[in-house]
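Chain L is already provided as a structure; the job is to place chain E on it using the hints.
Line order of the protein sequences matches chains L and E. In this text, residue positions in the first sequence follow our numbering: the first is 1, and each later residue adds one. In this text, residue positions in the second sequence follow our numbering: the first is 1001, and each later residue adds one.
Because the hints were derived from the structure by calculation, they are not lab data. There may be inaccurate statements among the hints.
Simulated DEER-style distance windows between Cβ atoms [claimed, not checked]:
1. L:Pro78 <-> E:Ile1020: 53 to 63 angstroms
2. L:Leu289 <-> E:Thr1024: 44 to 54 angstroms
3. L:Ile130 <-> E:Ile1020: 20 to 30 angstroms
4. L:Arg62 <-> E:Leu1077: 46 to 56 angstroms
5. L:Leu21 <-> E:Glu1177: 33 to 43 angstroms
6. L:Thr13 <-> E:Tyr1117: 41 to 51 angstroms
7. L:Phe87 <-> E:Leu1176: 53 to 63 angstroms
8. L:Leu49 <-> E:Leu1045: 43 to 53 angstroms
Sample of chain E residues facing chain L (criterion: CB under 8 angstroms; computed from the structure) [claimed, not checked]:
9. Tyr1138
10. Tyr1183
11. Val1251
12. Val1252
Now the stretches of chain E that chain L is said to cover, found in silico as 3 or more residues with beta-carbon under 8 angstroms [claimed, not checked]:
13. 1116 to 1130
14. 1141 to 1149
15. 1230 to 1239
Treat the numbers as computed from the prediction; the structure is a model and nothing was measured. All residues carry an ideal CB built from backbone N, CA and C; glycine is no exception.
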Amino acid sequence: MGASLLTVVVGATFIFLMVHLMPGDPVAALLRDQFSQETYAVVSARLGLDQPLGAQYLRFMRNVATGRLGTSFRSERPVGQVVAEQFPYTLQLATAATVLAVALGVPLGIVAAVHRGRPADYLTMGGALIAICTPSFVLGLGLLLVFSFQLGWFPTIGAGGGGPGDTLRALTLPAVVLGLRSAAVLSRIARSSLLNVLHLDFVRTARAKGATDRAVLYRHALRNAVLPVITMLGLNVGHLLAGTAIVEIVFSRPGVGKLLVDAVLSRDLPQIQGTLLIFLVIVIVVNMLVDLAYSAADPRIHYA
Amino acid sequence: MGAFAAVMSAGLWSGPREVIRRLTRSGGALFGLAVMSGVLAVALLAPVLAPYDPVRQDLLNQNLQPSALHWFGTDRLGRDIFSRVLWGARPSLVTGVGAVLVGAVQGSVLGLLAGYYGGWVDGLLARLVDTLMAFPLYLSAIFVVAVLGPSQLGVVLAVGIAVTPAFARLARGQVLEEREKEYVLAARAIGGAGARVIVSHILPNIVAPLLVLASLNIGDAILVEAGLSFLGLGPPPPTPSWGLMVNDGIVVLTRAPWVSLCPGVAVALLVFGSNLLGDGLRDALDPRLRGQG
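Okay, chain L solo, but in the shape it has when bound:
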């Protein structure tokens, strides 16, 4: 808990420093080309950019602590509010992708481990390698071309408007694109983790006392192989959040990823700063939950 908080503080400081190291004048960028000396002074005073760096830093950290992330240059609305509007779409996408990744990746990893060195192993691991090597925008455009434009099964843009059926249909392809890579990563981890467990003494003992292959796998080995999979799931949250940027743009979906890219392209400093901070906090909170999940999955792990 303390360490997580410290990470947030260090992360916020890092973000603040980087944003202020940015070449170019943010006030000039905000005002575009035409502005007078007076307007410039007013705007930079309003943004607090006329104060010394130390004072700006203290104000920034105080605002972070109280959840005030400033006002977006582009939309002139509170950064937190803008993110909150887009967040449900991204949460939907990331959740669907995670469910898909677990449902597909873990069983495939188990199959590969159980059939190690046989065709099923080569097939799944080969598939995983291809999924990891294909850029998500290439996969996304390919699926869009075939399933949306040619076959017309799914909408080509947006996040669905009408009922739950609409939403689900609009969610399918983006979730597949985002989830497939995670599924591949999870299947590799599940396979290697299970292989590491399968040659340990307690598995041999279980076999020696006459347990069936099934029982050895489900009752003994899997439970001991699950930790690295959970860890990877936690690490993957950051990748998912970042991956939404590309997926949301390919499928013209609203969402936080698209918001971040638009903010970067229009140099909307408060929006970039605030969105990244929110991402950072999400990643840290999820990984804290993952740490807690360890002790649920493995009673030998305790937290004081």
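Just chain E now, kept in the frame of chain L:
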């Protein structure tokens, strides 16, 4: 792991000839090597190999289908896609290799210092690395590009900074292991200064796993580069870069899918090749790392 590791480390870093022998025995690694050398050759020889000027527009010949004249067709400005794909190998390779180089050097220096000196140096660096690790590769990269502005150099630094923590962590762990060994003690006993012990004694002994990590990271770096340039955060047009070319093709996706697909397949192929080569190098240089990917 204990006994196994001891046996395997006997065969660790057994000289370049042995490494090459092991590398060439694996079909995947050979294929990866072929792809990487092929792309390197294409990148170097692009001016000779490309049949057309990659940025010359020909508005009378827009969105042409692949043909004998234009192998991969033309895009919406009539530019020859085959020539653009050839030239596009340059930014991908430069970023992939350059960024990993930046990250490997930065990370190794940080990790070596933290592991060797310990104490508050280690505490500070560990906290920094933990924080950086909390940012996923793409996010740090997007952030650094946001700071430096979209450019080739921006992308190299962005990805380089983003992969730094992984190298720092690996180098630190390795140094902690090596630091306690007799040869380091001996080097210090005869009066070797910190920097000398680190550079000429410890570094050669931990370079193999660092090399392996570097080779495994090149594919990721190329993917992030392609993603950034797809998002318009890479080198600005009309520079031919694969990610940007894919994005260019979106508006004509249904009429001329080859505009997006040709450069897209090029990215996938390069990443595939570099991953296979990375896996092969890992098995050849340091079999202990197998199964940790």
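Hints, one by one, checked against the model:
1. L:Pro78 <-> E:Ile1020: 53 to 63 angstroms: Taking Cβ atoms as reference, L:Pro78 and E:Ile1020 lie about 60 angstroms apart, which means the hint holds.
2. L:Leu289 <-> E:Thr1024: 44 to 54 angstroms: At 46 angstroms between Cβs, range holds.
3. L:Ile130 <-> E:Ile1020: 20 to 30 angstroms: 27 angstroms, holds
4. L:Arg62 <-> E:Leu1077: 46 to 56 angstroms: With a Cβ separation near 51 angstroms, L:Arg62 and E:Leu1077 satisfy 46 to 56 angstroms, so the hint holds.
5. L:Leu21 <-> E:Glu1177: 33 to 43 angstroms: 36 angstroms, holds
6. L:Thr13 <-> E:Tyr1117: 41 to 51 angstroms: 23 angstroms, violated
7. L:Phe87 <-> E:Leu1176: 53 to 63 angstroms: 41 angstroms, violated
8. L:Leu49 <-> E:Leu1045: 43 to 53 angstroms: With a Cβ separation near 49 angstroms, L:Leu49 and E:Leu1045 satisfy 43 to 53 angstroms, so the hint holds.
9. Tyr1138: Hint holds; E:Tyr1138 Cβ to chain L Cβ min 3 angstroms, cut 8 angstroms.
10. Tyr1183: Result: violated, 31 angstroms to nearest chain L Cβ.
11. Val1251: This hint is violated: E:Val1251 lies away from chain L, its Cβ roughly 12 angstroms from the closest one there, beyond 8 angstroms.
12. Val1252: Because about 11 angstroms separates E:Val1252 from the closest Cβ in chain L, which is outside the 8 angstroms limit, the hint is violated.
13. 1116 to 1130: holds (count 3)
14. 1141 to 1149: With 8 residues in contact (Cβ-Cβ under 8 angstroms with chain L), the coverage given for the region 1141 to 1149 of chain E holds.
15. 1230 to 1239: holds (count 4)
The structure fails hints 6, 7, 10, 11 and 12 (numbered hints given earlier, in ascending order).
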